[in-house]
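Please assemble the complex out of the two chains, which come individually in their own frames, going by the hints.
Residues per chain, in single letters:
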Amino acid sequence: MKITLVLSQPPGYSETFFRSKIKGLKANGHQVVLVTAATNKSFDLCAHIQHPRVYKNPIRQLLSMLLVFVGLLAYWTKVNRYINLERKEGTSFKRLIEKIYINASLLKLNANWIHFGFATMAIDRETVPKAIGAKLAVSFRGYDIEVFLLKNRDCYQRLWMHVDKVHSISNYLLEKAFDLGLSKSVDSEVIYPAIDFDFIKKIQLSSDTLGTKFKLLTIARLHWIKGIDDLIETAQHLKSKQIDFEWKVIGEGDQKHTERYAYHIYKADLQEQVLLLGKLSHAETLEELSKTEIYVQTSLSEGFCNAVLEAQALGKLCLAYDAGALSENIQNNTTGFLSPKGQPHLLAQKIIEVMQRSNHEKEQISQKAIQRVHDDFSLEQQAKSFSEFYTT
Amino acid sequence: MHIIIFDGSFKTTAFINRLIMGLIIQGQKVSVIGFNEINSNPIPMVKYQSLGSNQSKLKFIKTSLGLAVRWGLPKSFFQAMLFLVQGNRKALQKQNLDLVLKNLQPDVVHVQWPTLLLWLEPYFNNLNFKIILSQRGSQNNITPFVSKSFAKILSNYYHRLDGLHSVSKAISVRYQKIISIIDIPNHVIYSGTSISSLKMNQTLKHKSEKLQMISVGRSHWVKDYPTAIKACSYLKQKGIDFHYTIIGGQGDEEVLFLIHDLGLENHISLTYKIPQEEVFEKVYHADVMLLPSVEEGIANVAVESMALGTPVISTNCGGMEELITHNKEGWIVPIRDSEALNMQIIKFMNLDAEQIKNITIKARQKVEQQHNEEKMIKDMMNLYATVLKY
Chain A
1 MKITLVLSQP PGYSETFFRS KIKGLKANGH QVVLVTAATN KSFDLCAHIQ
51 HPRVYKNPIR QLLSMLLVFV GLLAYWTKVN RYINLERKEG TSFKRLIEKI
101 YINASLLKLN ANWIHFGFAT MAIDRETVPK AIGAKLAVSF RGYDIEVFLL
151 KNRDCYQRLW MHVDKVHSIS NYLLEKAFDL GLSKSVDSEV IYPAIDFDFI
201 KKIQLSSDTL GTKFKLLTIA RLHWIKGIDD LIETAQHLKS KQIDFEWKVI
251 GEGDQKHTER YAYHIYKADL QEQVLLLGKL SHAETLEELS KTEIYVQTSL
301 SEGFCNAVLE AQALGKLCLA YDAGALSENI QNNTTGFLSP KGQPHLLAQK
351 IIEVMQRSNH EKEQISQKAI QRVHDDFSLE QQAKSFSEFY TT
Chain B
1 MHIIIFDGSF KTTAFINRLI MGLIIQGQKV SVIGFNEINS NPIPMVKYQS
51 LGSNQSKLKF IKTSLGLAVR WGLPKSFFQA MLFLVQGNRK ALQKQNLDLV
101 LKNLQPDVVH VQWPTLLLWL EPYFNNLNFK IILSQRGSQN NITPFVSKSF
151 AKILSNYYHR LDGLHSVSKA ISVRYQKIIS IIDIPNHVIY SGTSISSLKM
201 NQTLKHKSEK LQMISVGRSH WVKDYPTAIK ACSYLKQKGI DFHYTIIGGQ
251 GDEEVLFLIH DLGLENHISL TYKIPQEEVF EKVYHADVML LPSVEEGIAN
301 VAVESMALGT PVISTNCGGM EELITHNKEG WIVPIRDSEA LNMQIIKFMN
351 LDAEQIKNIT IKARQKVEQQ HNEEKMIKDM MNLYATVLKY
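As you go down the protein sequences, you meet chains A and B in turn.
Numbering-wise (UniProt numbering), the first sequence opens with residue 1 and increments by one.
Numbering-wise (UniProt numbering), the second sequence opens with residue 1 and increments by one.
Any given hint could be a false lead.
[Unchecked claim] On the chain A side, residues computed to face chain B include the following (Cβ under 10 Å):
| id | residue |
| --- | --- |
| 1 | F148 |
| 2 | K151 |
| 3 | E233 |
| 4 | H257 |
| 5 | E259 |
| 6 | Y261 |
| 7 | H264 |
| 8 | Y266 |
| 9 | A268 |
| 10 | S301 |
| 11 | A323 |
| 12 | K341 |
What the hints contain is simulated information worked out from the structure, not anything from laboratory work.
Glycine included, each C-beta is placed from N, C-alpha and C at the ideal position.
Same shape as in the complex, but just chain B (with noise of 0.2 Å):
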C-alpha cells in the first residue's frame, strides 16, 4: 500500500511522524507531500515531494520546472512557462500536485487539515485513490462553527471523502452539527505514543512540601492559561503554598499581564518551549498537571503526563473525558471556571497518598491500553484497508 500524507508542510506534527514510522515499519511505502523545499529532519524510506515552495520564488521555479520536465513533457513544460510568465502561482501548484499524484500513484491520499481538501477537487471520487480527512485541531472543533463560509466549504467536501480518521469519540460526531451524516467509515483512533519507554514515576505524589503544579502547551486562547491563572489566586487567598510552571507560556502578554496583575509573580513561572526529554523530566518531578484548555481532541501532553506517573487535573473539554473519568484516571472540571478548578486542586491536596497512587496507577494502565502506539499504527491500517475496500 502506497499512502501519501498531505500535510502542507514536511514539518509534520509528532503524531503524524510517530504514524509515519510504524507504517514503515509494517512495510508500507509512505510519502509526503507539502508546499515547502527544505527538510530538516526527515525520516528515513519517506519520500517528500514539494509542490511548489511558498517562500522562495527561485526554488518554486526550479520545483515547478524539474516536475514538468521529469513527468509532463511537453505538454506540462509549455504550460509551466505559460503559468510563470502570467505569474499564476497557485495554477502552477495545481498542476504541480496533479503531477505528483499522478506519478506517485498512491492507493490513500491522508490529508491531515479540512483546508487543504481544496486542492483535491478534482480527485474526489477518482477510481486510483481514496481521500481520507483526519478530524483534529482547531479547522474541525472551531472555525466551522464561528465562519459560516468555512462550514459551507466543508460540508461541500465531506460529502465526497471516502473516509474519515477521528482523534476521539467527541470530534468524530462534531461535524454532525454542520452538517448532515455521512455514510463513510469513520474511524476513532487515538494518538499512540511510546508508552513503555516512558518510566513512570512510583515515588508517592502531593508530597513535595509545596504543591508542584505543571501546564504544557504553547501559549494559545485554547489554552485557557487566564482560567489556571485566576485558580492559583484563589489558592494564595487560601494561603496555600504552591507553584506553578508554564511550560510554553513564557512571551504572552495576557498571561505575564494576569500574573502581575494577580500578584502571582513569586508563585507562577513561565518557560519557553524546551526540548521534549526536559519537558519530561518537569511532568514527572511535578505533583499534578493543569489541563485548562476550552478545547483539545485529546491532548498529548495529558497522555504523556499519565504514562509518567503524573496524574491530570483537565476541563470536560473535546475529547478529554475518553481519556479521564473523574476520580477514576484524573480529575474533571467544567471549562472557564477558575473556582471548580480551584476546588478540585485543594481537593486533591486532601487525597491520601494511597488514594494518589491508585489513580496513577489506573491513569498508566488506562494510556497503555488506548494510546500505544502499536493500536494506533494498527487502527490506522485498518482504516486503510476499510476505505479500499468500501
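The following block holds chain A by itself, in its conformation from the complex (with noise of 0.2 Å):
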C-alpha cells in the first residue's frame, strides 16, 4: 500500500505517536509518505514532500503559482478530475485556483491512501484523494472535535462526505463525531495510542519517592484546556489541609498562558509547591515521572492523553478529572481513579484519599495499572492495528 500521510509539521522526536505509526506501516511494508506545510525541518523516518509555500508578497506570489501550475502539467488528468470535482460543489473560480495552487504537491502523488493525521488538516482538501484515485482517511485529535468545531461550525460537513475511513484515539472522540454529523455508515476504527517499553527500558529510572514532602507531577501544556488553574485551585486545597507537597508541573506554553498561571501561583502563595518546570526531554520527563508518587490531570477535556498513559505504564497512582477520554485512559479505581471535572476540592478529597491507602492497596493499582498498560497499549498491537485500517 502506498499511504501519505498529512501532518501541519514533520513529528518531532518526542512526538511517539506519529512516528511509531509510520515505522510499524513501514515494517509490515507499507510505503509512506508524509506531506506537511513548507518548513525547514526535515524528517528521517520517510519519504517527506511539502505544500507549496503561501506568500505575503502578491508579486512573489503569483511568480509561485505560475511555477507551481507549470509544474502541474504533466499531472492534468488528476487536476482536471479535481476541477470538475470542485465544480460540482460550486467552488469558485478563484477559490478554485487557491485551491489547486494549495493542493498541488498531493494532486502530483500516487497513493492509495491519504490520510489526513487531523481533521483541521483535511479542511479544502476533501476532494483531492478522489481526484488522485485514492481514498481518504482522517484521524480525530482532541481539538478537532472539541474546540475547533466550536469557532467554525458545519466546517467538517464536506469531510464527512468523503471521508472513506475514520481513525479515533478513542471512543469518546469517534462518538462526539457521530454526534457532529459523522454517518456511523463510515467505516472507523479506534486505535489507541501505544507505549514504547523499549525507550522506558532504556531511561535511568528512580524508584527514590522518598522526601520530607509529598510528590505529585502533571505533564501538560500550559493551555487551559489542561485545567491548570484548577490544577493550583487543587493546590490551594492541599495546603489548607496543612499538607507538605510538591507539585511540578512538566510543559510550556505562550507567554499569556505561562504569565496566567505563574500569576496564578504568585497570588495563591504556592510558589514553594507548585513548579512550573517548562518543556523537558521526553527522557527527563520520564526521570521526574519515575520519581513522582501520585501523576494528576486535571484536563478539561482529552482525546486520549499519553502522558496518562505512561504514567500508569511506570505504576505511578494516577488521578484525574472524568473528562473526556480519561475514563477510557484509567480504569476508575482499578488502574487509577478519577474525579468530577470542574471540581478542584473533590479533586484535593481524593488525593488525600489515595495518600493515606495502605502500600498493599496503592501496590495492587500500581501492578494493575503496568499489567494493563502492557497488555493493552503495546506499539506491536498498535502498528498491527494500522496495518489492518488500510488493509481491511
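As C-alpha cells, this is what we get:
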C-alpha cells in the first residue's frame, strides 16, 4: 500500500504517536510519504514532501503560482478530475485556483490512501484523494472535535461526505464525531496510542520517591484545556489541609498562558509548592515521572492523553478529572482514580484519600495499571492495527 | 507647560485621549511620540511625532533621515546613514528620540508603560525635563510578580523617576512588594470620564422577567470569564431564568468551550467588540453588570455602568474596592470564586426595588465625585506642577 500521511509539520522525536505509526507501517511492508506545510525541518523516517509556500508579497505569490501550475501540467488528468469535483461542489473560479495551488503537492502523488493526521488538516483538501484515485482517511484529535468546531460550525460537513475511513484515538472522540454529523455507516476504527516500553527501559528511572515532601506531577502544556487553574486551586486545597507537598508541572505554554499560571501561583502563595518546570525532553520527563508518588491530570478534555498512559506504564498512582476520554485511559478504582471534572476541592479530597491508602492497596493499583498498559497499549498492537486499518 | 505623552503608539487609550483633550483645553501644549507613522484618529492641536515605524522599512528610513536633516545636520545625518548601512534599527530609533526630545523641549515626559522606560535610560535626572510614569495595566500589576528579570528592570528605573501617576491606591503601593519605597511624588489620580454625558437609567432594576446580566471587556485571562460562566451554571441548576451577555468575548476558545461544556448555549451570548455607544446602550438596559476579573486598576466599564444606573457585582481585585464599597455602591465578591458570585447574584435578585435604587443612586454619586473628567485633569496638572517644583 502507498500511504500518504498529511500533517502540519514533521513530527519531532518526542512525538511518539506518529513516529511509531510510520515505523510500524513500514515494518509491515507499506510505503509511506509524509506531506507537511513548507518547513525548514527535515524528517528521517520516510519521504517528506511539502505543500507550496503561501507568500504575503503578491508578486512573489504570482511567480510561485506560475511555477507550480507549470509543474502540474504533467498531471493534467488528475487536475482536471479535481476541477470537475470542485465545480460540482460549487467552488468559485478564484477559490478553485487557490485550492489547486495549495493542493499541488498532493495532486502529483500516486497513493492508495491519503490520511489526514488531524481533521483540521483535511479542510479545503476533501476532494483531492478522489481526484488522484486514493481513499480518504482521517484521524481525530481532541482539539479538532472539542474546540475548533465550536468556532467553525459545519467546518467538517464536506469531510463527512468524502471520508472513506475514520481513525479515532478514543471511543469518546468517535462518539462526539457521530453527534457532529459523521455518518455511522462510515468505516471507523479506534486505535489507541501506545507505549514504547523499550524506550522506558533505556532510561535510568529512579524508584526513590522518598523525601519529606509529598510528590505530585502533571505533564501538560500550559494551556487552558489542561485545567491548570484547577490544578492550582487543587494545590490550594491541599495546602489549606497542612499537607507538605511539591507539585511539579512539566510543559511549556505561550507567554500569555505562562504569565496567567505563574500569576495565579503567585497570588495563591504557592510558589514553594507548585513548580512550573517548562519543557523537558522525553527522557527527562520520564525521570521526573519515576520520582513522583502521584500523577495528576486536570485536563478539561482529553482525546486520550499519552502522559496518563505513560504514568500508568511506570506504575504511578494516577488521578485525573473524568473528562473526555480519560475514563477509557484509566479504569476508575482499578488502574487509577477519576474525579468529577471542574471540582478542584473534590480532586484534592481524592488525592488525600489515595495518599492515605495502605501500601498494599497502592501496590495493587500500580500493578494493575502496569499490566493493563502492557496488555492493551503496546507498539506491536498499534502497528498491527494500523496495518490492518488500510487493508481491511 | 509642554507635556510629551510617550505611549509607544499614536493609538492612545480612551483614558489618555480624554487627558490630552483636557490638557489642551487648559492651554497646555501636548505632543504624542510613538513608533508608528499613521494616525487615523488624531486629536486636534496635538503634535504627533513618529520615532520611526516598526511596520514599514521605507517609512522608517524616510522619518529617520527627515529628522536628521531637520534637526541634526550634518552629524546626525551621517550617523543615520551609518546606522542604516549597518541595519541598526534600534540605534537609529534612539537617535530619533534624542533629536525629538532636544527639539520639542518638553517640561514633562509622561510615560504610559514601564517597558518604555528603557528608551529613556540616557535622560533620567536630566535638567531639562521630568519623567513621570503611569502605574496601570499588566506591566505594573502582573508581569513584575512573575518575571524576576522584569522586576529587576523596574527597580533599576523606579529609583530614577521624577514622579508616579497611579490609577488606584492599590496600584500606587504595589511596586513596594518588589522594590524599596521611593521618595517621589506618587499621586493617585482616578481615570475621569464625562459622567454628565451619560444619562442614568431611572427605571427600577431587576424587574425584567428574565435576569439580564452583562460583562464588557476584551477576552483575556485577567477578565476571568470562566468564573462568571461557572456561576451561571449554578444559576441554571437552581432553575433561575437569566441571560448573560459578554461583550468582547466572542471568538475566545476557552469561553466557547465552557459554555458548550456546561450546556449554557441558550443562556449566554457573546459578541465581538462593538462601538462605545452600543456598549452604553446594552449596559443601560441590563439589570446588573458582572466584573469577574482577577486583576484590574479600576475598571472603566464598571465606572460607566455605575454612571448609567446599572449596578455592578465586582471581584475584590486591584482597586475595585476603592470604587465599590460592598452593599453600598454595589457588591464585592472574592476573585476566582464562582460560588460566591452565584450567591451574590441570587442575593441581588432577592433585593427589593427600593434597595437596588439606593445602591444605583449611591453608585452614580460615587463616580460623579471620584471619576469626573475635570477632577482628573486638575489632579494631573497638580502632579505635573509638583514634579516640576520637586
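Outcome of the hint check:
no. : hint : in the structure
1   : F148 : 8 Å, holds
2   : K151 : 6 Å, holds
3   : E233 : 7 Å, holds
4   : H257 : 8 Å, holds
5   : E259 : 6 Å, holds
6   : Y261 : 9 Å, holds
7   : H264 : 8 Å, holds
8   : Y266 : 5 Å, holds
9   : A268 : 9 Å, holds
10  : S301 : 8 Å, holds
11  : A323 : 9 Å, holds
12  : K341 : 8 Å, holds
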